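**Q** Kindly produce the complete structure, drawing on both the sequences and the hints.
Respectively, the protein sequence lines represent chains B and U. Position 407 of the first sequence, counted from 1, bears residue number 407 in the UniProt record's numbering, the numbering being contiguous throughout. Position 481 of the second sequence, counted from 1, bears residue number 481 in the UniProt record's numbering, the numbering being contiguous throughout.
Calculated directly from the structure, the hints in this document are not laboratory data. The structure displayed is predicted, hence computed values, not measured ones. One should not assume that every hint holds.
[Unchecked claim] A few chain U residues that face chain B, going by a derived Cβ cut-off under 7 Å, partial list only: (1) Ile344; (2) Asn356; (3) Ser359; (4) Gly362; (5) Met404; (6) Ile473.
[What the hints assert, rightly or not] The list that follows gives simulated cross-link-like pairs (lysine to aspartate or glutamate, EDC-like), each with its CA atoms no further than 20 Å apart: (7) B:Lys482 to U:Glu313; (8) U:Lys550 to B:Asp59; (9) B:Lys349 to U:Glu313; (10) U:Lys534 to B:Asp492.
[Claimed, not checked] Facing chain B, from chain U, some residues (calculated, C-beta under 7 Å): (11) Ile292; (12) Leu295; (13) Val355; (14) Met360; (15) Arg465; (16) Val477; (17) Thr479; (18) Tyr500; (19) Leu508; (20) Glu510; (21) Lys547; (22) Met549; (23) Val562.
C-beta atoms are modelled at their ideal positions from N, C-alpha and C, and glycine is treated no differently.
Residue strings, one per chain:
2 protein chains.
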Amino acid sequence: MTAPVRRPGKKDGKGKLKIIPLGGLEQIGMNITAFEYEDSIIVVDCGLAFPGDDMLGIDLVIPDVTYLKQNFDKVKGFVITHGHEDHIGALPYILQQLNVPVYGTKLTIALIEHKLKEHNLMKNTKRKVMKHGQSVSLGSFRVEFIKTNHSIQDAAALAIFSPVGTVIHTGDFKIDYTPVFGDSIDLQRFAELGKKGVLALLADSTNATRPGFTMSERTVGKTFDSIFSEHVNQRIIVATFASNVDRVQQIVNTAYKYGRKVVVEGRSMVTVMEIASEHGYIKVPEGTLIDIENLKNYPPEKTVLITTGSQGESMAALSRMAASIHKKVSIMPGDVVILSSTPIPGNEKAVSNVVNELSMKGAQVICQDTHVSGHACQEDLKLIYSLIHPKFAIPVHGEYRHRMAQKELAEFMGVPKDNAILVSSGDVVALDEDSCEVIDHVACGGILVDGLGVGDVGNIVLRDRQNLAQNGIIVVVLTLEKHSNQLLAGPDIVSRGFVYVRESEDLLEEAHGVVSDALQDCLDRHVSDWGKIKNIMKDSLSDFLWKRMKRNPVILPIIMEV
Amino acid sequence: MTAPVRRPGKKDGKGKLKIIPLGGLEQIGMNITAFEYEDSIIVVDCGLAFPGDDMLGIDLVIPDVTYLKQNFDKVKGFVITHGHEDHIGALPYILQQLNVPVYGTKLTIALIEHKLKEHNLMKNTKRKVMKHGQSVSLGSFRVEFIKTNHSIQDAAALAIFSPVGTVIHTGDFKIDYTPVFGDSIDLQRFAELGKKGVLALLADSTNATRPGFTMSERTVGKTFDSIFSEHVNQRIIVATFASNVDRVQQIVNTAYKYGRKVVVEGRSMVTVMEIASEHGYIKVPEGTLIDIENLKNYPPEKTVLITTGSQGESMAALSRMAASIHKKVSIMPGDVVILSSTPIPGNEKAVSNVVNELSMKGAQVICQDTHVSGHACQEDLKLIYSLIHPKFAIPVHGEYRHRMAQKELAEFMGVPKDNAILVSSGDVVALDEDSCEVIDHVACGGILVDGLGVGDVGNIVLRDRQNLAQNGIIVVVLTLEKHSNQLLAGPDIVSRGFVYVRESEDLLEEAHGVVSDALQDCLDRHVSDWGKIKNIMKDSLSDFLWKRMKRNPVILPIIMEV
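**A** Here it is in C-alpha cells:
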C-alpha cells in the first residue's frame, strides 16, 4: 500500500504551525496575518484598505478579526513590519476589540502612537520599540526584526522562530544598496538564516510582475538636483507621499543646496514631518524650513513647497492649489510642479485632472524620473530567494496576478511546484517540516467604516446606495383611515435624484396617475394587506418608468394610518 | 502711432472664418466643431462622451448644439472624419434636432447608418459617401477628404477650403507606412496643400506628450504570430476594441495560418464584423469563421475567440467569461488570453480585476506588445507640421496638457508663439489671412442622456444622486389635520442606504425622538408654515446624525394633509 498514512491528530493542525492571513491577499491593502502554534498566536500587521469604487460613502475598510477575538487568550501581540496605512491603519479600531501589546521599530511605533492619541487609546495600549537585530519572545514564538528598505523608514522583515521551524515574512521591501537614511537591507542576516534552514518565506509580491531591479531612492535625488538647477528662476512645488520621509529629505537637501526656503503643506505631510523630525529620521538645516505664512516674504524662486496630493486626492493641498481653492497658495504662471509619485491604479484620472488644472494656470508639470518604487522587482526577489532558499513559499501582499508571478519565480528559483502555494484570506495553512497545506478556512473579510459607524453598513445598505446613485428615489406616500381603509390623503409623489421636476411635470403627472389608478384598484377590490398595496403601487410605477424612460429608480411606498 | 488699427466690422467676425469647437477640448470625447463663414456653417464630427465618475446613472453625454439650432438655416451638413463613437455617437440625437446631410467615407457612413437604423432615422437622413481625394461644396466651403491612418479604417483628414484660406483638420490619425488594409496616409496631398499655403491646422493632440513615432498596426500582427506559434496546444482568446477591424483581420489571418477556427463574441464585435465584411473591409477565409454554438465541436487548441471586453467593461463578453457568467464560454486552465489594448485612463482597475479573475481560473494572460496606438506621437506630428507648415495652429482632440504639448511642438516647428492658440469649447475663433483670435463665446456643454431621457438630468439631480450615494436617505413623514395643525399620524422614519435597520434600532429610535421633539416644539409654538416645520425637523435630525455618526444623509420631510 503506497497511499500516505494520515497520522492521527494531524488533520486539525495539532503540532503544526498555522499561518492564517485575515486580509491582504485579494487586494493591496488590509494586511494582517496570524501565526498560531498551539496556545500562542502572534499577528503580523493590522492594516486598513481604502474603499473600492462600489463602496459608496465608505471611508475605509478594516479586517474582520472574529477569529482572533474567539482566540483572544492565545493572542500575544501585534508585530508590525512598517508604518504604512495598509499595515497599521486598522490598529486603533482592532485594539478596541483586542487589547494586546504592539511591537515595532521606532518610527513605526511613533506613527502608531499618533493614531492612538487621536483615538484616545494611548493609556490602554502597551507598545514596545524594537531595534533591527533584536528579537522578542511571544508565547511559543520568537520574532526577530531584520532591517529592510522601503518607501518609509524603519521597515522590517520578521524572522519568526517557531517549534516547527523558521518562517521569514519580508514585509514590504526593496533592496537599496545606497539608502538615503540608515543602513541597507540586512542581506547577511537573510543569508545566515537561509544557511541554517528556513521553512517558509512570505514575500512581498507587489512588483513580482516587473522584470529587473528596483532603483535606489537616491536616484530621485539626482533628478531633483537637475530639475532645481534648470529652474533657478521659478518657484518649485513638489508633491509626494507624506510617509516617504527619505523623499522629503532629498527635496530638503536639494532646496538647501540651491538656497531655497522650504514650506511643508498638507495635514499628513506636516504630521509625518513632525514625527520624523522629533525622532531623528529627517534633518533639516537650521533656517531652511519656514512657515507658510512667511512664504510671501521670499521671492518665489527662492522657495520650495513640499505638499500632499500627488495622487490627485480631491481634498489634498496640491488639488486645492490646482483648483484655486487653497487659502494660502495660488499657482502662478512659471511655477514648476514636480509630481514625485506614480498614480496608484485607480487614481490615473484624478492625477490627470490635477495636471490639466495646473497646466491651465501656466505651471510646468514634471513627472519623469521623479519616483522610484518601494517594492522589490523580479531580480531583487530572485536574490532574496537565493539567500533564504526556503522550503515553502507563500507569496503575500498583492493581487492574484502578482502572487502568481512570485509563485512562478519561486519555482524558477528551485522551490518545488507543490511547495509554492497561493492562498486566500481566511485560509488556514498548516506547516510542519514536511508539509504545507490549507486545512481549514476561518471567517474573514472587510468591515466598513462610514463616519463614526463601524460595521453598520454592509452589502444591503451598499446595494441601496448603488441603486439610489443610479436613478434616484421616488417616495409615494398616502394616508389611509385605520379601519375603513378609506383614502384620506395622497398618493403624493416626491423624488430626489430622478429628474428635474420642473421640466418633467408631464411625466410626473402621468406617474401620479399610474400610482393613483393602482391604489384605487386595490381599494375597490378591498385589498386590506398594506404590504400588498405597497407592492402593487411600486410594481405599476416601476413598469411605467421602465417602459417610458428605461430607468429604474428606487421606489419607496409609505402608507400613513390615521 | 504703432498700435494696431482695429478695422471696422472686424470685431464681429464679418468677412472672417469662424471656427467654433462645441466640445472635445476639455476631454477626449464629444468631438464637434463648427466652421462658419457668413451664411454657411459646416460641422466636423458629432461625437458623444462617456460619463465621468461623478455622473451617476448617466449613460452617455452629447453636445449642446444650441448655437447650431439658432443658426439652423446656415448649417449645410456634418462632415465626419471617422466612425468612432467620440466622433459619430451623438449623431442620432443631434440629427433629430438638426436634420442636415451627413458626409463621410464608406465605412464611416456604414457605421452611422447602423445607428440611424436603431433610432429609426434612416428615411429622414441624407447621407453621402465620399471617397478619399473627393471633395464636396457646402455653401461657401469646399471640403476634401484626405486619406489618413487610424485605429479604424477609412479615417479621413479634411481640407476645408474657405474664402479666407485653407484649413486642415487632421481628425484622429497616425502615420502608418505599412497599414494592414488600404493605403498609407496621403502625405503627398498634405505636402501639396502645404506648398500652396495652409492658413490653419487643427491636429490630433492625443499623443502629443509622447516622444517618438507611433508603431505600425502591422507590428501587432507579428506579436500575434509569435504568441500563436508558442501556444499551439492551447485555446486562444483575444480581446480588443470592436471597431479596430485591422486588428481583427490580423487575428483572423494568424488563426488561419495556424489552422484555427475563429469565433467572434460580444455584441459590438459581431456588429462591426458584419458591417466591415459587408463592405469589404475585412476578408475572412472561407470556413474559418464558426458559430459560437459549434465551438464544442472543435478541440480547444484549434480555436480562437475574438471578443469585446479589453477595457474590463463589466457587461462585456470577456468580463462575463472571467466572472463565470458567460452562457457559452467557460475559461479553462491553460487558456491563453491576449488583451490587445491598453487601458483607457480610468479603466485600469477594471482591467486588473479581469486579469486576476482570468488568472485564478488558470488562464495565462498576455498584454505585452499586443497593442499599438492609433494616434500620432511627437515625431509624427513634427512630420505633419513640416509638410503642412500652417500659419496658425489650433491643437484639438485632447485634454489641456495634450494640446499644450502640441502648441509647444508647433512653436518648435516654426509657428510663431502667438499663432499657436489653445481654445476652449464654445470659443469663437475668428480667422483671416493675418489674424487668429477668440472674439466671442457661445453656449456649449454636455447634455446628459439617462435611459430614454435626454437632458432631463442636470447638475441638481446629479448632486442629489451623489448625496444619496454617499449616505443614503431618511424620509420623515407625518400627517397633520388641515386647519387645526393637529398631528394625526407620524412622524415615521423610513431610510434607504443609511444603516442596517435591524442592527441600528437604538440609533433610529433616538433619531425618531429628536424629530418628534422638534415637531412637538413647532406645534406647541403654533408654527403654521409647513415649510418651516419641515426645515426645523430636517435641521435637528441632521445635527443629531452628524454629531452622533459623522454622517450626512439626504433628509426628506413630507407632511400629509387630511
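**Q** Decide, hint by hint, whether the structure agrees.
**A** We went through each hint and held it up to the structure:
{"no.": "1", "hint": "Ile344", "result": "violated, 10 Å"}
{"no.": "2", "hint": "Asn356", "result": "holds, 4 Å"}
{"no.": "3", "hint": "Ser359", "result": "holds, 5 Å"}
{"no.": "4", "hint": "Gly362", "result": "violated, 10 Å"}
{"no.": "5", "hint": "Met404", "result": "holds, 5 Å"}
{"no.": "6", "hint": "Ile473", "result": "holds, 6 Å"}
{"no.": "7", "hint": "B:Lys482 to U:Glu313", "result": "violated, 51 Å"}
{"no.": "8", "hint": "U:Lys550 to B:Asp59", "result": "holds, 11 Å"}
{"no.": "9", "hint": "B:Lys349 to U:Glu313", "result": "holds, 17 Å"}
{"no.": "10", "hint": "U:Lys534 to B:Asp492", "result": "holds, 16 Å"}
{"no.": "11", "hint": "Ile292", "result": "violated, 27 Å"}
{"no.": "12", "hint": "Leu295", "result": "violated, 26 Å"}
{"no.": "13", "hint": "Val355", "result": "holds, 5 Å"}
{"no.": "14", "hint": "Met360", "result": "holds, 5 Å"}
{"no.": "15", "hint": "Arg465", "result": "holds, 4 Å"}
{"no.": "16", "hint": "Val477", "result": "holds, 6 Å"}
{"no.": "17", "hint": "Thr479", "result": "holds, 5 Å"}
{"no.": "18", "hint": "Tyr500", "result": "holds, 6 Å"}
{"no.": "19", "hint": "Leu508", "result": "violated, 11 Å"}
{"no.": "20", "hint": "Glu510", "result": "violated, 14 Å"}
{"no.": "21", "hint": "Lys547", "result": "violated, 9 Å"}
{"no.": "22", "hint": "Met549", "result": "holds, 5 Å"}
{"no.": "23", "hint": "Val562", "result": "holds, 5 Å"}
Figure legend: structure checked against the earlier numbered hints; hints not met, in rising order: 1, 4, 7, 11, 12, 19, 20, 21.
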